[in-house]
Structure formats: structure tokens, C-alpha cells
Amino acid sequence: MKELILTLQKEIIVPVEMDKVLPEVIENMSLEEIKNIELVQGRKRIKVADIFDVELNDIEGEPRIVIKNSSPKLKYIGSKMTKGEIVVEGDAGMYVGAEMKGGKIVVNGNAESWAGQNMKGGELLIKGNAGDYVGSAYRGDWRGMSGGTIIVEGNAGNEIGEFMSKGLIHIKGNVGIMAGIHQNGGIIIIDGDVDVRVGGEMKAGAIVVYGKVEEILPSFKFEGIVENPVIKLSKKDAGTPIAGTFYKFSGDYVYNKPKGQLYISVDSNPDLI
Amino acid sequence: MEYIIKNGIVYDPLNGINGEKMDICVKDGKIVESVSDNAKVIDASGCVVMPGGIDSHSHVAGAKVNVGRIFRPEDSKREIYAKKGLRTGTGFSVPSTYKTGYQYSEMGYTTVIEAAMPPLIARHTHEEFMETPQIDKAAMPLFGNNWMVLEYLKEGDIKACAAFVAWLLKAVKGFAIKIVNPGGTEAWGWGKNVHSLDDPVPYFDITPREIVRGLAEVNELLGLPHSIHVHPNNLGHPGNWETTLETMKCVEGVEAKPRVGERETSYYNTHCQFHSYGGTSWKDFESKAIEIAEYVNKSKHVVIDVGQVTLDETTTMTADGPMEYDLHMTNGLKWANCDVELETGSGVVPFIYSPKGPVYAVQWAIGLELFLNTNTDKVLLTTDHPNAGPFTRYPRVIAWLMSKKYRDEWLYNKVHKWAQQRSHVADADKEYDLYEIAKITRANQAKVLGLSETKGHLGVGAEADIAIYAIDPEEKDGKKIEKAFRYAKYVLKGGEVVVKDGNVVKEVFGDTIYVDVQVGEDLMNEVLKDVGEKFRRYYSVNLENYPVSDEYANSWRVIKIDATDIN
Chain A
1 MKELILTLQK
11 EIIVPVEMDK
21 VLPEVIENMS
31 LEEIKNIELV
41 QGRKRIKVAD
51 IFDVELNDIE
61 GEPRIVIKNS
71 SPKLKYIGSK
81 MTKGEIVVEG
91 DAGMYVGAEM
101 KGGKIVVNGN
111 AESWAGQNMK
121 GGELLIKGNA
131 GDYVGSAYRG
141 DWRGMSGGTI
151 IVEGNAGNEI
161 GEFMSKGLIH
171 IKGNVGIMAG
181 IHQNGGIIII
191 DGDVDVRVGG
201 EMKAGAIVVY
211 GKVEEILPSF
221 KFEGIVENPV
231 IKLSKKDAGT
241 PIAGTFYKFS
251 GDYVYNKPKG
261 QLYISVDSNP
271 DLI
Chain B
1 MEYIIKNGIV
11 YDPLNGINGE
21 KMDICVKDGK
31 IVESVSDNAK
41 VIDASGCVVM
51 PGGIDSHSHV
61 AGAKVNVGRI
71 FRPEDSKREI
81 YAKKGLRTGT
91 GFSVPSTYKT
101 GYQYSEMGYT
111 TVIEAAMPPL
121 IARHTHEEFM
131 ETPQIDKAAM
141 PLFGNNWMVL
151 EYLKEGDIKA
161 CAAFVAWLLK
171 AVKGFAIKIV
181 NPGGTEAWGW
191 GKNVHSLDDP
201 VPYFDITPRE
211 IVRGLAEVNE
221 LLGLPHSIHV
231 HPNNLGHPGN
241 WETTLETMKC
251 VEGVEAKPRV
261 GERETSYYNT
271 HCQFHSYGGT
281 SWKDFESKAI
291 EIAEYVNKSK
301 HVVIDVGQVT
311 LDETTTMTAD
321 GPMEYDLHMT
331 NGLKWANCDV
341 ELETGSGVVP
351 FIYSPKGPVY
361 AVQWAIGLEL
371 FLNTNTDKVL
381 LTTDHPNAGP
391 FTRYPRVIAW
401 LMSKKYRDEW
411 LYNKVHKWAQ
421 QRSHVADADK
431 EYDLYEIAKI
441 TRANQAKVLG
451 LSETKGHLGV
461 GAEADIAIYA
471 IDPEEKDGKK
481 IEKAFRYAKY
491 VLKGGEVVVK
501 DGNVVKEVFG
511 DTIYVDVQVG
521 EDLMNEVLKD
531 VGEKFRRYYS
541 VNLENYPVSD
551 EYANSWRVIK
561 IDATDIN
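Keeping their order, the protein sequence lines are chains A and B. Residues 1 to 273, numbered by the working numbering, are exactly what the first sequence covers, in order. Residues 1 to 567, numbered by the working numbering, are exactly what the second sequence covers, in order.
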């Protein structure tokens with residue numbers, strides 16, 4: 001199989017859309033063809049070789065792409081990808097892994113907003129911080145992330161997992177306001193602190209917070225304190241065990257019969273109730 | 001510029017031409033008897049030639065359409081229109097203005113009527129018209145919930161009401177009397193609705209029956225080109241077919257007396273599919289299309305457009321505020337609602353007509369049943385764009401009508417079995433021929449809108465709005481029919497080639513049509529006193545700032561009517 005190494009020649013000012021350079025696309029292409037892939041930059045079209053040094057190697061296993069010297073101006077990295085691997089050395093721009101269906105993306109740096117937007121499957125690993133709307137829906141849409149896993153080792157911004165219906169988002173740092181807003185399924189795990197309105201208007205799914213929460217919305221119902229619970233999202237669900245002692249809430253009761261679950265660490269929030 | 005369209009097979013129902021091979025001559029924007037030898041030749045051999053398409057009911061411009069665009073970015077993303085030399089556009093169910101114009105043009109349509117214009121927000125509609133290329137357009141202001149209308153009709157003062165209608169049509173540059181959920185939208189301002197023809201409107205204490213009948217009489221007194229254009233009460237509710245029939249019956253005896261045009265009907269029931277529901281709930285929901293079609297066939301005064309459900313994800317939008325609230329409560333999707341002061345209201349909700357949904361399957365079947373059982377002189381093709389589906393699906397509807405095979409492919413393989421069980425669409429063997437297609441997409445429209453003098457036909461003197469489709473008249477392959485009608489081979493607008501091989505090759509801006517009726521001066525002065533009083537006391541704008549001024553069109557086309565005998 002093939003390994004494509006793209007090295008950004010110099011810092012770019014106008015963002016470039018990278019959704020045409022995917023592992024499944026390059027696996028059957030020659031070096032020349034890859035160099036000539038058209039990319040959108042602002043209102044112009046450029047070729048891959050115009051901004052990248054291009055290197056193509058033969059390797060074992062699945063096709064992979066390495067983007068070296070990456071910049072937050074590179075948008076839509078791995079958007080709609082279905083297989084293989086993309087490794088980003090540096091920062092990734094907006095929409096990294098948007099609508100991805102399979103394969104794996106590793107960002108060894110920070111990611112801008114909308115990482116994993118409308119993600120359907122696969123794995124997105126961000127080693128630095130992520131912006132707002134991690135694993136959210138496209139603007140206006142009520143159908144968000146429907147599968148796959150997003151892991152952010154740093155912090156994330158506001159409205160993560162908006163309209164999420166399936167899959168897992170794990171943020172190892174802190175997150176902003178309205179985490180899991182309109183959540184309709186799936187699990188969000190936050191190791192750090194969360195700002196206000198966590199789980200607002202959620203209908204189903206679960207949010208686990210190990211850090212400190214600013215508040216719990218009044219429309220959530222306290223269900224008791226649980227130890228080492230197993231999160232079940234449906235009757236058939238085998239369950240996801242989580243370790244620790246938690247306040248359990250159900251909600252959001254702005255809807256009729258909501259099935260959303262909140263697990264808030266007792267240790268980090270001794271005075272919550 | 002002269003053109004001669006050679007060897008096409010011509011379908012022109014208003015002139016009784018049914019599939020004759022003949023040449024059509026065009027000079028200076030009109031159809032003429034003959035042209036000189038210098039005329040450019042358009043070879044239409046193997047193609048079908050029809051007058052330009054006319055859409056009599058489509059939501060393409062104005063406040064609520066724009067609300068739909070603004071609150072559905074996900075619909076914008078779904079379809080992007082970017083062709084060289086043309087303005088870009090977005091939106092599948094609520095396309096932006098340029099995309100709207102281009103796509104109508106690609107399908108061979110040349111005239112489109114915006115179905116609902118709140119008078120107070122008429123400027124917005126006209127502003128969007130100015131940015132909608134390729135087509136002639138007109139807008140129908142809403143009258144069915146207007147306080148002035150309700151008060152005049154309550155008093156039984158038909159003449160004063162007529163003068164008010166004439167004033168308003170001219171002030172907002174409107175084309176016809178649109179009635180939406182008569183009385184119901186006003187009741188919605190009170191958190192209520194009206195549920196039958198004799199359910200009184202809060203405060204005004206007038207019934208939908210009095211509103212519809214009254215405005216029908218007003219319409220014929222003024223002699224407007226189009227009849228009243230009615231969206232009756234109870235849209236989309238199981239069992240509403242009785243309300244629909246009653247509403248049709250309540251204007252029996254009101255004779256069509258247009259002062260311009262050749263209209264013979266006095267009642268236009270729009271998106272009849274949404275009004276032909278039997279049963280008492282969604283559980284025992286069934287089609288009553290046959291019953292409606294039977295009544296329409298025997299009634300001289302009625303014509304219907306269908307509002308065919310196309311089984312797409314779309315955006316519903318109507319001045320029927322309470323109905324949109326019901327819809328939002330049913331599907332739980334986002335909802336926009338608006339109250340327009342003394343005049344009307346509106347609502348917008350996205351909607352997914354899934355083929356696998358039992359109710360949607362029956363809705364789809366009801367639309368087809370109306371087409372297949374109604375006299376083809378009395379039925380018009382619409383999808384109530386974008387309510388039952390986007391206008392870009394007209395070719396698919398045409399394919400369902402022309403090919404039973406294609407229809408059955410959907411009926412038995414793609415849609416829920418309720419379509420077979422709860423309607424009679426499976427029994428219908430009828431297949432439309434191209435002559436009938438030409439009727440339901442152009443000729444009938446031209447006639448009922450009162451525009452048939454120059455539109456909707458190919459006789460000498462008509463406007464040279466012409467569509468040429470690459471299709472064999474005997475074609476039964478659904479996909480081929482769809483493609484042929486989606487991308488016309490040639491389209492001429494005002495005597496110029498604007499589409500070639502499905503691509504817009506020339507951008508033109510059509511006229512905006514409105515009606516200017518002159519009634520007796522004394523009567524108008526009396527009515528203007530009432531209007532002035534209403535503006536002083538209730539409106540948020542001054543009367544002087546209300547009328548749409550002359551700069552709000554690329555070019556106006558005025559239909560002048562002398563009705564000074566009304567005084």
C-alpha cells in the first residue's frame with residue numbers, strides 16, 4: 001500500500017480545503033496524479049504540489065497520509081474518509097474528520113472548531129486542544145454525530161456533541177458551555193471541568209463529568225448517588241462501565257419522558273446537592 | 001431577432017393542436033405567421049414543442065421563503081448550484097432566488113406565480129422577484145384573514161370590500177385574491193383555529209363560509225383575471241375532505257365574470273391533495289380523492305391544483321399559522337411562526353416525507369389519484385413548492401403520470417403498502433399523453449389565471465415563451481421522461497433562446513405582473529377613509545409608506561381593468 005507524505009512548504013494565508021486528499025483516493029494514484037489533485041483555496045483552485053512537497057512511499061498495510069508542518073489553515077482534513085490513516089504533524093483547521101465514516105485521524109497538535117462534525121464512524125484522536133462544536137451537527141441540522149470515537153487529550157470548546165445520536169466523545173481536559181446540548185444518544189466523557197448548561201435539552205444518551213460542574217440545569221432530576229455504574233443506553237445495550245462515585249441525574253425534563261443521563265463526580269463536586 | 005423552430009411535434013391544447021408536426025415562427029418576442037429567410041433555424045426534429053410552462057402556485061419569494069432559507073442551512077448545503085457565467089445559488093427545497101429562476105428555466109417554465117404574499121411585507125417579495133431571473137412572475141396577496149375584509153364582509157358590504165381589494169392589489173402590486181385558512185390564521189392570533197366552515201372567528205364573529213363566499217363575489221364583481229385562490233380550512237387533517245367539499249359548494253352559483261381573460265371557473269382549490277383526507281385520525285387515515293375528483297368533474301365553477309407529495313425531505317411554509325404549529329408538534333422539528341399585524345400570519349417547519357412512512361405513502365397516492373381521476377381540463381400540476389416537494393421534481397411527477405410502469409415501480413417497491421391499501425391508485429390504468437401534460441402544466445394555468453391571451457399557447461400573437469423537449473411522444477421509460485422534462489433541449493423566453501441542452505445560456509429578467517382595477521371614485525374615497533383610520537389606529541407603518549413603489553420591479557406588466565361601474 002501507499003504512504004503519502006505532504007510537507008507544507010510555507011505558511012499560507014488563505015485556507016485550503018483538503019477533502020480531496022484521502023487515503024482511499026491516493027491508494028490508486030501515481031505521484032504525478034497526486035501532485036495534480038485540485039484543491040480549493042478561497043475562490044481559486046490550486047494543485048497539491050503548489051503548496052506541498054510531495055513524497056510517495058510503498059508500505060505494508062492500509063494507505064496512510066502524513067501532513068507535516070501542518071497549519072490551522074488546512075480545512076476539511078480527512079473529511080468523508082472511509083479507510084486508512086491520516087496523521088497531522090502540527091495543527092488542523094476547521095472540520096477535521098467531518099462526516100468521516102471509517103479509518104483513523106491523529107492530530108499531533110490542536111484542532112480548530114467542528115472537529116468530527118456529523119461523524120459516522122472511525123476514530124479521531126486530537127492530542128492537543130480542540131475548538132468548539134467537537135462532534136456536533138452541521139449548522140441548523142438536527143442530525144449530529146451518529147457513530148465513531150473522538151478523543152481529545154487537551155481541552156475542548158463550547159457545544160460539544162451537539163445533536164449527537166451515537167458514538168463516543170472523550171475529552172481529557174476541560175470543556176466550555178452547553179456540552180451535549182440536544183444530545184440524543186451516545187456517550188460524552190469529560191475528565192476535566194465543565195461550564196454551565198451541561199446536557200441542555202438532551203433527550204437521550206449519557207454525559208459523564210469527572211471534574212467540577214458550574215451548575216446542573218433545574219430541569220434535571222436527581223436520581224441518587226451511584227458507584228461504579230454501568231451506562232446502558234437501551235435495553236439491549238451491554239453497557240459501558242465507568243469507575244467512580246457519581247451523582248446521577250435524568251433529563252432534560254423540558255421534553256416529555258427524556259432518557260438522558262448525567263453522571264457528575266461526587267469527589268469533585270462535594271457541595272452540589 | 002427571428003427564429004423558426006422546424007419539424008417539432010407540437011402540443012398546444014389552447015389551440016387544439018395535438019402532436020402535429022409543424023414549424024413555429026418567432027419574431028420580436030412574439031409568435032408570428034411567417035419569418036424571413038434570415039431567421040435562425042432551431043432544429044426540433046424528434047423533439048416535442050410546447051408553450052412555456054406556467055406554475056400557478058409556488059412559494060418562491062418573500063418573507064417566509066426567506067425564513068425557510070435562513071433557518072435551514074442544512075438544506076442550503078444539500079444542493080449547490082455553480083455553473084460558469086451564472087450566479088451561484090444553494091438550497092434543495094428552498095433555493096436562493098437565482099437558482100430558482102435558472103432551474104425553472106431549465107425545465108421549460110417561463111411564468112411563476114408566488115402563492116402567498118403578506119401585503120405588509122410585499123416589498124420583500126418584489127425585491128426577491130427583481131433578483132429572480134428567467135421567468136415572469138406575479139404574487140397573490142393574502143386576503144382571507146385581513147381585518148378590513150372581515151369587517152366589510154361581516155357588514156355585507158361587498159362593494160366596499162371590492163374597492164378595498166382593488167386598492168390593496170394596486171398598492172402592493174398584487175395579482176389575485178389568495179385565501180389561506182379563512183379566519184383560521186386570525187383565530188391563531190388568539191391561540192385558536194377554526195375547524196369547520198361555520199366556526200366563527202374570535203372577535204370578528206364571521207365564519208369561513210361568509211369569507212370565502214364574500215370574496216368570491218368580490219372577485220367576480222371586480223372581474224379579476226384569476227378567480228379566488230383558496231387554501232381551505234383544516235389542511236392536512238384526517239377527515240378534512242368534507243370541509244373541502246363544503247367550501248367548494250359554498251361558492252356554487254357565483255359565476256365567473258372576468259373582465260379580462262377567458263377564465264370559466266370562479267373557485268380555485270389549491271394543493272387539493274392536502275384537502276382530500278378521509279378517516280378520523282392518522283390510524284384510520286385514507287384517501288377521499290375519488291370523491292373530491294367526482295365533485296370537481298361535475299362542477300363548472302371549480303378547478304384544482306394538486307400539490308403532489310414527492311417523497312423528499314423538504315420545507316413546509318404557509319400563511320396557515322396554526323397548521324404549522326400542529327405540524328411542529330407532530331414531527332418535533334424546528335418551527336418558525338410569524339404574525340403579520342392586521343393581515344395574516346405564517347409558519348415554517350422542515351418535513352421529511354419518507355417513502356416508508358405509511359401516512360406519507362397515502363399522501364403520495366392521493367395526489368396521483370387526483371391527477372388520474374379528475375378531468376384533465378380541471379387539474380393543474382403543482383407540488384405546492386416547497387410544501388409537498390420542490391418544483392424540481394415536476395419532471396418526476398410527469399413521469400409517474402405518463403408511465404403506469406414507473407408509477408407501479410414506486411407503488412410496489414419504494415413506498416409503504418398503505419398506498420395500495422388506503423387509496424385506489426393501484427386500480428388506475430390511466431396514463432397521461434403529452435397533450436394532457438401540456439394542459440396540466442401550461443394551458444390550464446394560462447386559462448385559470450386569465451393570462452391565456454398571450455401565455456400558455458403557441459398561436460400567432462402569443463408571447464414567444466416556448467419549451468422544446470427531447471422526448472419521443474410514446475416514451476414510457478420513467479427515467480427518460482424525467483430527464484427530458486428536467487432539462488429542456490431549448491427554451492425561448494420572450495423570443496430569445498435562454499436554455500440550450502438543459503443549460504441556461506442567457507440570463508433575462510422577466511416582468512412582474514399586477515392588476516390595477518379602477519372602481520368608482522366616490523366609493524374609493526369612502527373606503528380610503530376607513531383604510532386611513534385603520535392605519536392611524538393599528539398599523540405599525542404609515543399609510544404613505546405602505547404602497548410598493550415603481551422601482552420595485554425590473555419591468556412591470558400591468559393588467560388594467562375598468563370597473564368604474566362599481567360605485
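These are computed hints drawn from the structure, not numbers from a lab. Please note: incorrect hints may appear among the correct ones.
The calculated DSS-like cross-link candidates involving lysine-lysine, where the alpha carbons are at most 25 Å apart (straight line), are [stated by the list, open to error]:
1) A:K257 x B:K334
2) B:K334 x A:K203
3) A:K75 x B:K77
4) A:K257 x B:K283
5) A:K166 x B:K334
6) B:K334 x A:K73
7) A:K259 x B:K404
8) B:K479 x A:K44
9) B:K334 x A:K44
10) B:K257 x B:K300
11) A:K20 x B:K84
12) A:K101 x A:K2
13) B:K170 x B:K192
Here are some chain A residues the structure puts well away from chain B; computed CB gaps all over 10 Å [stated by the list, open to error]:
14) I37
15) D141
16) S146
17) P241
Interface residues of chain A toward chain B, partial, derived using beta-carbon atoms under 7 Å [unchecked claim]:
18) Y138
19) R139
20) A204
Ideal placement from N, C-alpha and C gives every residue a C-beta, glycine not left out.
Right, here's what the structure says about each hint:
1. A:K257 x B:K334: Holds - the C-alpha atoms of K334 (chain B) and K257 (chain A) are around 19 Å apart, at most 25 Å.
2. B:K334 x A:K203: Status holds; Cα separation ~15 Å.
3. A:K75 x B:K77: holds (17 Å)
4. A:K257 x B:K283: Satisfied, since the Cα-Cα distance of roughly 23 Å is no more than 25 Å.
5. A:K166 x B:K334: holds (21 Å)
6. B:K334 x A:K73: violated (33 Å)
7. A:K259 x B:K404: violated (46 Å)
8. B:K479 x A:K44: Roughly 36 Å between the alpha carbons, so the hint for K479 (chain B) and K44 (chain A) is violated.
9. B:K334 x A:K44: Judged against 25 Å, a Cα distance of about 36 Å means the pair is violated.
10. B:K257 x B:K300: holds (13 Å)
11. A:K20 x B:K84: Within the cut-off at roughly 21 Å; holds.
12. A:K101 x A:K2: holds (20 Å)
13. B:K170 x B:K192: violated (32 Å)
14. I37: holds (19 Å)
15. D141: At roughly 4 Å from the nearest Cβ of chain B, D141 (chain A) sits no farther out than 10 Å, so the non-interface label is violated.
16. S146: holds (14 Å)
17. P241: holds (32 Å)
18. Y138: Since chain B brings a Cβ to about 5 Å from Y138 (chain A), closer than 7 Å, the hint holds.
19. R139: Given a least distance of 4 Å, the restraint on R139 (chain A) holds.
20. A204: Since chain B brings no Cβ nearer than about 13 Å to A204 (chain A), farther than 7 Å, the hint is violated.
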